[in-house]
Structures are given as structure tokens and as C-alpha cells.
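Protein chains: 4
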Amino acid sequence: MSRKVRCAVLGVGRLGYYHAKNLVTQIPEAEVTYVVASRIGNAERVARELDIPKWTNNPNEVFENPEIDAVIIVTPTKTHASLIKEAAKNKKHIFVDKPITETLDEADDVIKAVQENNVFCQVGFVRRFDPAFAEAKKRIDSGDIGEPLYYKGVSRDPGSPPEIYIATSGGIFLDLCIHDFDIARYLLGKEVESIQSFGKVLAHPFMNKYGDSDQALSFIKFTNGASASIEGSRNAFYGYDIRGEVVGTEGAIQIGSIKYHDNLILTKGKSYHDNIPNFQTRYEEGFILELKHFIECVQNNEKPIVDEVDGKKALEIAIAATKSYQTKKEVKL
Amino acid sequence: MSRKVRCAVLGVGRLGYYHAKNLVTQIPEAEVTYVVASRIGNAERVARELDIPKWTNNPNEVFENPEIDAVIIVTPTKTHASLIKEAAKNKKHIFVDKPITETLDEADDVIKAVQENNVFCQVGFVRRFDPAFAEAKKRIDSGDIGEPLYYKGVSRDPGSPPEIYIATSGGIFLDLCIHDFDIARYLLGKEVESIQSFGKVLAHPFMNKYGDSDQALSFIKFTNGASASIEGSRNAFYGYDIRGEVVGTEGAIQIGSIKYHDNLILTKGKSYHDNIPNFQTRYEEGFILELKHFIECVQNNEKPIVDEVDGKKALEIAIAATKSYQTKKEVKL
Amino acid sequence: MSRKVRCAVLGVGRLGYYHAKNLVTQIPEAEVTYVVASRIGNAERVARELDIPKWTNNPNEVFENPEIDAVIIVTPTKTHASLIKEAAKNKKHIFVDKPITETLDEADDVIKAVQENNVFCQVGFVRRFDPAFAEAKKRIDSGDIGEPLYYKGVSRDPGSPPEIYIATSGGIFLDLCIHDFDIARYLLGKEVESIQSFGKVLAHPFMNKYGDSDQALSFIKFTNGASASIEGSRNAFYGYDIRGEVVGTEGAIQIGSIKYHDNLILTKGKSYHDNIPNFQTRYEEGFILELKHFIECVQNNEKPIVDEVDGKKALEIAIAATKSYQTKKEVKL
Amino acid sequence: MSRKVRCAVLGVGRLGYYHAKNLVTQIPEAEVTYVVASRIGNAERVARELDIPKWTNNPNEVFENPEIDAVIIVTPTKTHASLIKEAAKNKKHIFVDKPITETLDEADDVIKAVQENNVFCQVGFVRRFDPAFAEAKKRIDSGDIGEPLYYKGVSRDPGSPPEIYIATSGGIFLDLCIHDFDIARYLLGKEVESIQSFGKVLAHPFMNKYGDSDQALSFIKFTNGASASIEGSRNAFYGYDIRGEVVGTEGAIQIGSIKYHDNLILTKGKSYHDNIPNFQTRYEEGFILELKHFIECVQNNEKPIVDEVDGKKALEIAIAATKSYQTKKEVKL
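Protein chains in written order, with the numbering used here: chain A, 36 to 368; chain B, 36 to 368; chain C, 36 to 368; chain D, 36 to 368.
Treat the hints as calculated values from the structure; they're not laboratory data. Only a predicted model underlies this, so the values are computations on that prediction, with no experimental measurement involved.
Which copy is meant is left open, so a pair is good if it fits within one copy or across any two.
The calculated lysine-lysine pairs, modelled on DSSO-like cross-linking and capped at a C-alpha distance of 30 angstroms, are: (1) Lys294 to Lys172; (2) Lys39 to Lys327; (3) Lys225 to Lys363; (4) Lys303 to Lys225; (5) Lys173 to Lys235; (6) Lys172 to Lys303; (7) Lys126 to Lys39; (8) Lys363 to Lys113.
Required output: the full structure, derived from the provided sequences and hints.
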């Protein structure tokens, strides 16, 4: 396909709007022709703002439209399974935000639909496209640190999302740590054997109501002898703090930092740099690069580097982590 | 102008090609419709590669075409004055690579033509658009370091350009240090009163033939009591090293670093990061942002933050620096 | 006591020799008059090298000597309890390497002896005296990060000690992680409620024989709502890597780095700094400062900031960690 | 000499007191037996505080005392020449603060006296003993950066000394930049051919009275084709900022930083570290190491790595810099 990829964006929440805007302003190879939102007014507002010609509150309008090549699904998780299956059946390529579905059964259905219909389904694990993590992957694959043995992930939100979000988020392992579960598999190149997870409420007492934690830790054993430690936190009042480390038999890589700009400000007695304040700034490039990758894969008929099977595997680990946290036992996969 | 800005790129050397590609792939608000090069084959090759519909070796074709809004001039410096004047006369907005012209008289002509014809002329001082330098400017302007007193600039190329380039480059002050002369004015918000410059050949003996240096230093006095020290070098065998510092009455800013990626690689006994290898990687964002700024200024009918007068002033300082270097005396402006 | 503190060093292994040398060359307020080693030849060799007047293989000679004020015990752990008790009975102040004893019962005996005899007993948790950790403590205590909520410790050895050492080391939690258990209590200012620990052998298969791990992780819950995650590793082939983080309600502190010197070496394409190679270089200052502190406490009749009770508490946590690792269950203290 | 080196400290100003204290508390191989100060009360006060047995206001008492091996001269510069000569005549080894003397003629006299009497004379260029600069020297000498071509020095005081000090300081080149002149020679391993220097008053108007500057810059040409740029400043309101860079044919070294502690404090929106506040903290180790070196040289009868001839050469460069600044001309040495 040498022509532009014609896309519809489903969902115009914070991230849906962001993806729509990136497609319009940053990716000349894409053409967004439809905005879909359950409230038609929201769809129209975003469409007008971004100069997108059509909007609707009926996703089938998009699925049945032969002029749409791909859909970007950024709707609540519980709608993912049916939307993906419908899109696949109609031969639309799919970009879907994580987690791929709510349950493993749904994930299996989705995988079947995607594969039977020969479409691509990329899951929004943006960290794989962050320049620092992507560069780390390249180095590990080229043997720079020998055999990777250990991944340490730190993912700290600058605070908790609102209680209403937490109530239906599925918990910190599914909502936050899932990014690390995916990137650990990706960087180590191995599959998870077992996981044991912990959590505690340190700063947001309301989480106790939902059995959720604001400080979580998982210890993962991988097949073939690697391991990982994954910290998730809602308590980084100083900023949005995403870092990783991979230790190998001949070296290690430290990935990412809290530094926002390449400036050091020196004031009386102390020197400071600004912190990365939120996920939008942290992943500014990653969000563009993951969409570019998806659009290019569709254009070139190549499989994305993160697909529906990766989506299911990360979900499986996150569900096991949640179970381990609840039962206080190691859970095998 | 709410529609796209229709551009012609004049010159397809390394930087011309780069600008053309950025306009096509990174800036949806621009539409490149013409490539101009003195050798028609080069123009055609670039046009075909980037899907640009027209090419020519005759710049007048562009100037006379009413469907062109703006020209991007990336030709040899000696052609700048006549091309800018012709473009201005034809009411084309102009983006021109530094230095604006070869002589101050030419610069005066150019300023006259631009201003009489009410077009914009942005000069390619990319450093103003580098996120770190731009952020520094913002902080200085908001008073974060008090009154700025002193600028220290380090601009080190990873080696010398080829001898054939050096032969006609105008020397290190005009070719390299001119970026610091501009940014020093910009960050300090002051004008130059006098300059004294030095140079020595440390690593590239062929430069002696041209009276040029590979290690240069200038000391600048500004009106109202500030000063600057500007180092230019062709001897940074380790990478492309651009840094700045501004010291003010209440603090200071260190700008930029040699770090390429946000990864630290730890090997037996030592830890390293990659260096920025060349100007393309150092200014990857800056090159896009300066063109975006130009296109937006044209669309919104707003004056660019760096214009023909800035172009002349930087040229004036660079010429004075060269004279000081040659006469071994302080030169007043 | 305004005069010098007269010391005897018991044990001349790697660390014993190091302490003896530091006392002689770095701490003018101390006077080492005795070296004790089970093999008299070793005692004599060290005494002659460091110009220490007396040596013996009989510790009682030291205990009974009224001219000895303090003993520095750097012998195998299994000898600690009896040596400390004997020293205390003879009114000698005691500096003892960690862990204080092998068992909690022994620790109780030791505490009783020390307190009944009104002597001081400082335990060698050197990290408390490392300038970076000490500075962090000061800042936390002065409220710079609000209420501390979370400690993250990373302690990585550049490889495993020899098998013969591992065989009797008590395991990674007792031998290595105990430093983090102590510093977590110290920095958070709270006591441990429960711990769950994991381990895996990633790079040193011989450890399986001893039920030991080379990659360990503990999750600690503290009274009053704080938590900690403690990583211990023998797999940092790149250097000796000790870092900590404390996250509080209003900020956080990152403590320590792998950087050895304040130099950055820039070579073609990459820039590097040397890594800290081993614990001697990492704690060069800490080892001196902990002895200075002990000597000053003795001179000024002030209690050391880390005493026999801290020694017992860290031991208690380490034993619980080992039990948790073996039983795969959370262990309450 | 296997016994302790018996020293007298002459001068108990800020630095004299500091040296005396370091000798007493940090260098067991030294024994300070005399304090000399022009006001006897000052001598007595320091002697009593540091437990030094004797004090006097008559330096001859020290010179004539056969039990004194070495003198530490930290008196005003104008007294250096006669004190050194007298000390040398009496076979005392000499440690003298920089600059060695006020004039080059005096320096010649001093060199003659020192050499005829076969004593050592170490000049207090502390930077040579700073661990970062010392490590840089080692790396350069071992060829890590190829042939060194260029030294860039930044020496910034956090403000001006009091006017009364400036009045007799000899100016910024003699008082401050002299450290860089020495270290440039040392790191490049070359001699100065010519220097041109500039200065301006940016923040301390009273300096105009004395023809002094608070912002200075020198460009130095070395024999055999190296060069250096040396910045001296009294305007670093943020801290005491000493850094160096050496660029060589195969790499470069950046030396030193403004960071005080190995902690990063993360607060809402920004992360900071403390700055080095003053020369005492910056050179805490260097001040001890230079005295240790002196004492060891005396004990082992080895020449110090920085001697009376280095003292003269740095003085010569500083005097040339001052002349260049005053005459606005390049000065050859």
C-alpha cells in the first residue's frame, strides 16, 4: 500500500485524543477520516478541532466502511474484545491500547479473530518505542551485555489517578505494572515461569476499599534462568519516574531518567533540573513512534513488533501478579 | 493563511536535502512543490525520492510562480543576496541558511529588499530552536538567574570539514562561531561592543594555507556590562560537542551535553554513554522546529524570532572576529 | 578521656588488616597497641608492618591488660559472642564487624553483657557512615522529603566471594542484604513488621549446593505504614554497585552512584567514567569515619549511633528473610 | 627519615590555620611543634586549640631550632622570599603557599637558595593533588587521550573576596588564574610561548579602582602546538566552580564538577544536588594530599611533584597575563 493509511480513532478520552492529534499532525503517512465516540458531541468536537472530516457514535459505520484501513481503539478495556473482533472480521488492522482485553478467554478469542482474518493487531505498549528502551533492546540483542540475566523496572506515577478510575482499573498490576511485564519479556527475550507480588497502601488510604495498592513489588522467575523485580508506585510526588535496568553476564544497561530538559540550573547552593511531570512528556516521542510503526507495518504489510499474543502474555502475567498479591503465594504460569 | 504553505527548496546539498525531507515528512502544514538545484539531475533525484512534483535548475521559475508562498534557500553563501532579493521582490517569504550574505553591504541590501516587500526572512540559526537552548532562553527571560552577565559557548566539530570546504568557508569565525555569536546576543539580550579573537592550528596543518584555525577563542564585551567567551574547535575527535553556559546575578544555566541516548552502559570497570556524533543528530529536533516556526509564522503572518537583522548582526560580529584574529587587536563594532 | 584511645585489633583478615591500618594511619586519636590473630605469625607480620608494638594469639592477654581501652573485633562471626562478652566483662569498649552474632540468643547474651558492664558496642554497619547515606539521613531527619514512605536498596557485588566463603556465610540475606536491612531501619526511622524474600541462582550454579542465591529480593512492611524493597546480588560484573532511594510524602532522595572518579573520559563515539570496583574503594571514607566515630564516642563517653541493639535487629530481619526465602512465606517479626 | 617530620607552621590566617589543623589531625607522619604568627596572641590561640606545644612571633626561633625539619609558610606573599631563603639557609624543607614570591627576581633568588641548600620547596598548587585532576594527569600520561592539544580551565569563585583583599591581591590573574596556569602546564606537559588576556568588571564595581577584573579570559599558546583557554571569575553566585577539560588527538577528559554530595534530591517538579560552596570543601582532600605528599617527600628524600621552578613559571605566566590585560597585547614569554 503506497498510499496513505486511512484510519478511524475509536475513543476520545485523554489518550484517544492524543493519538488522534499525533496521527493528524505528526504522521503524514496516515489520514484520519473518522472519529468515533459514545457521545456524538465529543466525537464532533475532536473532529472539528483536528480537521477530521467524519464522526459518529456508531462503530459499525467505521467497520462497514470499505475506505477505512485501520482502527485505533482507545476505548474502555471492557469494550476491547468485541471491537477488535468486529474490526478483524471487517479486515481492518487494529491498534489497541493496553490491556488487550479484560480476561484471558477474551484474549484467546481476539487472537483467533485477528489471525483468521489476517489483519495486524498492535497493542499499545509504548515503552517498546521509547528511544531509550528501544536502544537498550538493540544493544542487548547485539550482545553488548552478554546474556541478560536480570531486569529491574521502576514505574512511578506522580500520584494516584482519581478514585473513580482506580475503582475499575483492575488494580496496580493490571493498570501500571503491565508495562514492565511486557518490557521485561521483550528485553530479556524469555517467558515467565512464576511470579510473586506484594503491595501496600502507603499514601492513598482510599485504595484499601478496592483491595488495591499504591506501592507494589513483583519478583519474576523466567524460564532459562533469568529473573526480574518490578516496582510499581503511585507515590512519586516529584514526577513521573520510569527507569529500567538490565544486568547481563558481561555488563548492564541503565535505561531512562527523571530529567526533563538538557539544562542544569545553578542557584545559590544547589543545582537542579526539571523532572518529567507526566506520561505525556515522558513518552512524547514513544507515542508518535508507536503509531508510525503501526502505520508503516500496515503500509508495508509487515507484522508489528508487539502484537495480540504479546498483549495476551502481558495480561496473563498481570493477572497472575494480582492473584499472588491476593493469595500471598507464588503463582506459576 | 489557513491552507498549507507551498514551498520551494533551493539547493540540495547535505543540508538542503535534509530540510526538504523534514518539510515533507515532519511538517504537515507545509507542501513542497519545487526542488531547485544548479544541476537539474540532482533536483530531479531529490524530487523523485521525496515525492515532490516539480524540479528545475532555474530559480526564476519558482520566483515567478504565483503558487509558491515561500522559499528555503540552502545554496552557497555567495548566491544568498541575489536569491533573497529576487524572492522578496516576488513576495515570497524566505528561509535562508546562515550566514545571511557574504558582506555587510549585501546584508544591508537584503534587509532593504525584505522590509520593502513586507516578506519574512528567517535565518537558519538552528540553535535558537534546540529544546535546551530554547528552554534556557525562556528561563533567563523569566528572571530565573537574575540579570545575565556572561555567556560561555563551546562549539566543537568532531573534525574538520574537507579542505575544499575550508578553502571557501570564510574561516572558523564565520563558519562555526557565528552560531555562538547569534545565541550569545539572544540569550544575553544585549549587543556587542567589541570583540577580540584568537586562533591556532592544533591538528589540521592544511588550515595554515588558508589563514584559518582549528581552535578559536573570542572574548566579547557587550553594551551594558556583560561579556562572553566563545570557543570554536574542529578538534573534538570524540563527537559533536555543543554546550553553553549563562551566568547571571542570581544563578546560572548549563545548556546541552554530549550524551546521545538516555542509556548508561555498564561494562567491566567502566560505564559509558554514546556521544552525539554529528550536527544532524544534535539538532534533529531543532531542524524540524525551526522549519515549523517558519511555516507557522508564514501561516499566521507573524515575524520569526530570528530575522534578517539578526542575520546581519551575527555576520558583523563574525567579520569583526576574523579581523581581530588577523590583526591581533580588539575590534569595536 | 582526653588522651588517645588504646586499641587492640582482633583478627587480621582482609577487613581486620584494613581497620588496623586505618586506625594507625588515619586516626591520630587512636593508638593501636596490640594485634591478635589465631596464628601468631599473622599477628606479628601485621604488627611489624604497621609499627604496632605487641602481638599475640591469646585474646585474654588483651582483655586482662588494663592499658587497653577498646577492642576491634574482626574475627569469624561464630567467635563474636564470646569475645564480646569477655571484652565487656573486662570493661573494654567494643567495635565488632557485622553480623553481631550468629543467633538471636547469642545477641541477647551480648546485649546483656554490654549493658551490664556499661561499655559501648558499635556494630560495623559502615553504610551509616558513608557520606552520601549519612547526608541522606540528615536531610530526611530535617524533613526535606516529608514523611519517608519507602526505601529501595540495591546492593550488588561484582561477583561471588569464593565458594569456601559462601559455604559458611549464612546466605546472601545474612551476609549482604543485612546492610540494607540496617540502613532501611535507620533511614525510615521505623521497625520491621514482616518480610518476604526470594532468591534465584542466575550466574553461580555452585550456590545451589548451599541453598544460597546470587539474586535476592525482599519486600518489607514497616510499622506505621512504610515499606522497602531490598535487592542483593552477586552478579554486577561491571563493578560494586551500592545505591539507595528513599521516597517520602514530599520528595525523594537518590543515594550513591557507580562512578569512581569525578572525570568523564570522552573517546571516539562514547564517553565513560570508571566504576567503583570493590567495597574498599566504595567505603574508603566510610571505613575511616566509622572508626573515628567509635574512637570519639569512647573519648567523649557518648553512645555510638549504631549499637548492639541495632546489631540484633538487623540480624533478626536477616534471619526472617532467610526463613521466608526457604519457606516461600511472609514472615512476621 | 623514618621518624615523624617535625614542622612549624608560619602564618595562621584562614589557610594557615587549615594547614595546621590538617597536619595535626590528618597526617600522623607529621608533628607540628611550632606555630608562628606576627601577633603572638594568634599564635598562642591556634597552638592551644590544636595542642601544639610551642608558639612564637619570631620566625628565627624556628629557623634556628635544630629540631625543626620543615616549615609551612602561609604568610602574606611579600614575606615569602625572605622567609624561604632564611629557611633554606637553615636547611629546613619548605612548603609555601602560591604564589611563590611577588616578583620574578625574588623567585630567582629563592630558587638559588633552595637549590644551593639542597632542601625541598613545594608550592601550594593544590589542584595537582585534587583526586580528579590527579587522575586526569595519570590518564593523559598513560596515553588515554593521545597527544594533549588543548586545555580549558574554568575557575569561578562564588563571589569576590573583600575589597581589602583585592586591593593587594595582585589582580585576578595572579591571585586566581595562576592555579590554572600551573595545571595547564602540568596536564599538557608543555611550556607557554605567549599569552593574551582580557578582563571586565561585571558584578563588583569597586574592582575598577584597582584595575582588577571579576571576569577574566586568557588564550595561551604553548610550544609544540598546544593551546589553552583559562577563565577566571568572581561571579559564580551559585557556588565554587572549578572544572577543567583536556582535549587530545584521540579523546578528551572532563575534570571536576559543581556537585557536592552523591545524592540527588527530588522535589515536586525538580531534582537538585547541593553545590560545592567554597574552596575548603572543594579541596578538602587535595589540601590533605598535598601536605601528605610534602611530608612523605621529606621522609623519603624525594623531590615534590611541584617545586620552586614550577612556582616561578606559574608566576611568570600570571605576570605576563596581567601585562597583556593592561596593554591589550599578546605577551611572549
